[in-house]
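Please put together the full structure from these sequences, using the hints given.
There are 2 protein chains.
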Amino acid sequence: MNTKAFHTLSYGIYVLTSIKNDTPYGCIINTAFQITSSPARIAVSCNRDNFTHGIISESGVFGISVLPESASSSLIGTFGYKSGRDIDKFAGVHWTIGMETDVPLLMEESISTIECRVIEVLDVGTHTIFVGEVVNAEIHDESNKEMTYRYYHNELKGVAPKNAPTYIEKEATMETTELWVCDLCGYEYESMTNAEFEQLPDDWVCPICGADKSMFTKKL
Amino acid sequence: MNTKAFHTLSYGIYVLTSIKNDTPYGCIINTAFQITSSPARIAVSCNRDNFTHGIISESGVFGISVLPESASSSLIGTFGYKSGRDIDKFAGVHWTIGMETDVPLLMEESISTIECRVIEVLDVGTHTIFVGEVVNAEIHDESNKEMTYRYYHNELKGVAPKNAPTYIEKEATMETTELWVCDLCGYEYESMTNAEFEQLPDDWVCPICGADKSMFTKKL
Numbered sequence: 014m015n016t017k018a019f020h021t022l023s024y025g026i027y028v029l030t031s032i033k034n035d036t037p038y039g040c041i042i043n044t045a046f047q048i049t050s051s052p053a054r055i056a057v058s059c060n061r062d063n064f065t066h067g068i069i070s071e072s073g074v075f076g077i078s079v080l081p082e083s084a085s086s087s088l089i090g091t092f093g094y095k096s097g098r099d100i101d102k103f104a105g106v107h108w109t110i111g112m113e114t115d116v117p118l119l120m121e122e123s124i125s126t127i128e129c130r131v132i133e134v135l136d137v138g139t140h141t142i143f144v145g146e147v148v149n150a151e152i153h154d155e156s157n158k159e160m161t162y163r164y165y166h167n168e169l170k171g172v173a174p175k176n177a178p179t180y181i182e183k184e185a186t187m188e189t190t191e192l193w194v195c196d197l198c199g200y201e202y203e204s205m206t207n208a209e210f211e212q213l214p215d216d217w218v219c220p221i222c223g224a225d226k227s228m229f230t231k232k233l
Numbered sequence: 014m015n016t017k018a019f020h021t022l023s024y025g026i027y028v029l030t031s032i033k034n035d036t037p038y039g040c041i042i043n044t045a046f047q048i049t050s051s052p053a054r055i056a057v058s059c060n061r062d063n064f065t066h067g068i069i070s071e072s073g074v075f076g077i078s079v080l081p082e083s084a085s086s087s088l089i090g091t092f093g094y095k096s097g098r099d100i101d102k103f104a105g106v107h108w109t110i111g112m113e114t115d116v117p118l119l120m121e122e123s124i125s126t127i128e129c130r131v132i133e134v135l136d137v138g139t140h141t142i143f144v145g146e147v148v149n150a151e152i153h154d155e156s157n158k159e160m161t162y163r164y165y166h167n168e169l170k171g172v173a174p175k176n177a178p179t180y181i182e183k184e185a186t187m188e189t190t191e192l193w194v195c196d197l198c199g200y201e202y203e204s205m206t207n208a209e210f211e212q213l214p215d216d217w218v219c220p221i222c223g224a225d226k227s228m229f230t231k232k233l
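One line per chain: the protein sequences are A and B, in this order.
Residue numbering for the first sequence follows the working numbering, beginning at 14 and increasing consecutively.
Residue numbering for the second sequence follows the working numbering, beginning at 14 and increasing consecutively.
Careful: at least some of the hints might be erroneous.
Note: identical chains are not told apart, hence a pair may lie in one copy or across any two.
[Stated by the list, open to error] Result set (DSBU-like, lysine-lysine): computed pairs, CA atoms no more than 30 Å apart in a straight line:
(1) K17 / K158
(2) K33 / K17
(3) K17 / K231
(4) K33 / K231
(5) K232 / K95
(6) K226 / K33
(7) K226 / K95
(8) K231 / K158
Since the hints were derived computationally from the structure, they do not count as laboratory data.
Here it is in structure tokens:
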């Protein structure tokens with residue numbers, strides 16, 4: 014079996030949100046898809062370990078914010094690689110409450126937002142598929158292209174976090190001499206020459222989560 | 014609600030297949046996604062009206078062939094807009110039987126193929142989500158890019174068939190003077206000037222399904 018075939022499936026990049034006691038929660042997912050057009054229903058897949066998973070289970074509502082190609086790596090780092098158990102991910106982010114539900118929705122760095130009420134829940138092991146009836150949908154920015162997982166992977170050199178369904182242990186390429194891994198988010202820096210990583214400036218930070226060089230461990 | 018927001022979700026284009034009495038069946042879908050990585054599980058969404066839906070329900074196995082950007086419009090027309098009730102869609106197509114199951118898999122015009130055994134079925138109204146355990150996956154063509162729904166829509170000017178979850182009634186753009194619709198597949202030709210459609214050469218055919226001009230009806 015060649016598991017690289019899984020990487021030929023196409024995905025977007027989304028911030029999945031919900032709310033509890035007026036506190037917003039959210040995480041990045043790559044699986045959101047329309048399943049019926051009338052009535053409009055959308056399904057999302059979320060890892061059970063994500064804090065947002067429990068919040069959606071309790072609230073019965075979720076929001077989807079569709080990220081553009083221009084989404085900042087700090088936004089992706091915060092929502093994709095940190096936990097709402099530890100930090101307020103929405104600090105410094107421009108967001109609002111939905112028109113039809115009280116889910117948080119990103120107003121900047123999103124092309125569009127969709128609000129859903131959960132109508133079915135399917136346990137599929139490590140992940141849960143939430144099927145939602147769409148109660149509102151808005152477009153905020155038609156000038157930007159939506160970020161695909163391919164773009165994130167190829168252009169931004171992003172890697173899937175361990176909770177993602179698409180996560181795989183990385184194999185170094187032939188050209189890689191050293192592999193340095195961010196302890197915080199799992200981002201992998203491939204050095205083509207010895208000492209390339211050490212020679213990065215002291216203020217260099219992880220492009221995904223913003224961790225400094227001391228958070229990296231040499232793996233190869 | 015702005016339903017155009019649904020078009021900002023990202024999808025690929027796939028041929029979903031199964032088999033009955035040694036006869037291969039298949040249809041085009043845009044929703045296939047990995048839901049867990051260990052064990053590897055993939056879900057697909059299929060309209061209940063598609064003949065392939067019933068075949069998968071009976072056989073308990075399905076195959077996914079991931080289409081490249083270079084996939085021919087005749088392949089898309091055949092698998093996307095015609096029914097296995099009426100024609101043998103696999104005539105003239107290079108395909109094979111899977112290594113682990115007996116599902117048909119496209120060997121040409123596919124980047125990769127994945128074989129699954131159905132482990133869960135979720136009825137979501139007009140569509141069914143089949144969750145499959147992956148039993149084999151192969152890459153055939155690494156040099157090609159996978160076709161996204163955006164590429165199909167923007168570059169090939171393809172439209173979703175009526176059975177697709179992403180189908181919406183089309184609204185003419187401001188520039189459109191006449192709208193001609195293919196009775197067979199629903200493809201919409203937008204004329205920017207009066208008589209533009211009539212002036213197309215007699216041997217012009219629908220770019221999606223190959224129907225000739227006489228199959229088009231003027232809608233605007």
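Cross-check of the supplied hints:
1. K17 / K158: Cα proximity of K17 and K158: in one copy and across copies (26 Å, 14 Å).
2. K33 / K17: Classified as between: cross-chain Cα gap 29 Å, same-chain 38 Å, threshold 30 Å.
3. K17 / K231: within (25 Å within a copy, 46 Å between copies)
4. K33 / K231: neither (40 Å within a copy, 52 Å between copies)
5. K232 / K95: within (22 Å within a copy, 52 Å between copies)
6. K226 / K33: For K226 and K33, neither the intra-copy (35 Å) nor the inter-copy (57 Å) Cα distance is at most 30 Å.
7. K226 / K95: Answer is within: at 18 Å inside a copy they meet the 30 Å cutoff, but 56 Å across does not.
8. K231 / K158: Neither: 36 Å inside a copy, 32 Å across copies.
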